[in-house]
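Peer 1: With the sequences and hints as input, model every part of the structure.
Each step along the sequence shown adds one to the number in the UniProt record's numbering, with nothing skipped, and position 119 is 119.
Think of the hints as simulated: they come from the structure by calculation, not from any bench.
Predicted model only: the values in this text are computed from it and were never measured.
Incorrect hints may appear among the rest.
Here are the simulated DSSO-like cross-link-like pairs (lysine-lysine), alpha carbons at most 27 Å apart as the crow flies [as the list claims (entries may be wrong)]:
(1) Lys-143 <-> Lys-110
(2) Lys-105 <-> Lys-153
(3) Lys-59 <-> Lys-41
(4) Lys-181 <-> Lys-82
(5) Lys-200 <-> Lys-28
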Amino acid sequence: MVSQNTFMPISFCLLSSHNDKNVLCKAKTTDKRTLAYKRRKLARQEAPDVVLTMLRSAKDIPAKFVLFDSWFTMPKTVIRVKRENRDVIGMIRITEKIHYQYQGKWQNVKSIYQKIKKSSNTKGIIGSVCVKLREDRVSTADKFIDAKIVFVKDRSSDNWHLLLCTDISVSDEEVVRVYGKRWDIEVFFKVCKSYLALAKEYQGRSYDMQVAATTIVFLRYAMLSMEARNATDDRTIGDLFFYLKEELQDIKLSQSLMLLVDTLRQTLSKLPLISQEMAKMIMDTFLNTIPQPLRQKLLLCA
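Peer 2: Here you go:
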């Protein structure tokens with residue numbers, strides 16, 4: 001889970017093979033009520049099915065998007081995640097085997113790229129299109145889902161990348177920004193392997209021991225992440241600064257001066273010994289004695 005400034009591991013699964021011939025050190029217990037059996041059963045499923053199971057286990061954790069790399073961002077997987085009431089942002093493979101409905105035709109991304117209107121965005125965004133996804137070729141139109149594909153230029157070459165978002169109301173810049181947070185998981189793995197002894201502290205063949213060792217490493221990282229958030233991260237107040245800033249509207253200097261003059265005029269008009277003509281004469285005298293730049297601003301405001 002990635003928040004505004006903090007990465008927190010909440011679930012994992014050590015995958016195995018669904019082929020019995022490739023499974024080493026089979027479990028001695030056959031009690032299907034145990035967590036050990038359920039973990040092994042989950043580990044032998046296909047990776048997209050494991051993803052959905054993990055998402056369902058985390059359904060009570062609020063999240064706006066599920067971030068995928070190109071391995072998982074397939075139409076079938078994206079649609080299944082969308083059915084879990086989660087939006088997806090992920091990298092798309094540039095291939096001719098996967099098709100999206102654009103302008104009424106099912107096309108691959110290379111064909112779509114040739115038809116989009118290219119833009120010279122300073123942030124590297126070439127353009128974006130709205131498409132439809134289908135789970136398979138026999139799916140009916142009522143089961144299609146809307147999505148947006150954002151074309152992004154590679155900074156180090158003339159190639160381009162594709163980002164898919166199932167929430168078409170999100171701007172192109174926001175899609176790129178949110179997907180950039182997926183890099184936190186790469187940092188997470190690097191820290192766990194280099195400093196927290198992931199896959200080094202225990203190197204046996206017992207699946208249960210591997211799960212236990214990995215859980216301990218993830219707990220270490222979670223503790224360090226929370227400590228860094230509470231002790232050293234000054235940004236943990238989130239968007240509080242921006243919320244407070246929105247409440248204070250900026251006004252021009254001329255407007256603030258005009259407010260002062262109006263207050264002075266109202267004060268003079270309330271005095272019983274000063275007539276309207278006298279108040280006007282005082283105001284004119286005041287305007288004539290103040291510096292020329294300020295007087296011009298006040299006259300323009302008036």
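Peer 1: Would you mind marking each hint as holding or not holding in the structure?
Peer 2: Each hint, compared with the structure:
1. Lys-143 <-> Lys-110: Holds, at about 24 Å.
2. Lys-105 <-> Lys-153: Holds - the C-alpha atoms of Lys-153 and Lys-105 are around 25 Å apart, at most 27 Å.
3. Lys-59 <-> Lys-41: Holds: Lys-59 and Lys-41 sit about 21 Å apart, inside 27 Å.
4. Lys-181 <-> Lys-82: Answer holds: Lys-181 to Lys-82 is near 20 Å, not above 27 Å.
5. Lys-200 <-> Lys-28: The hint holds at about 25 Å.
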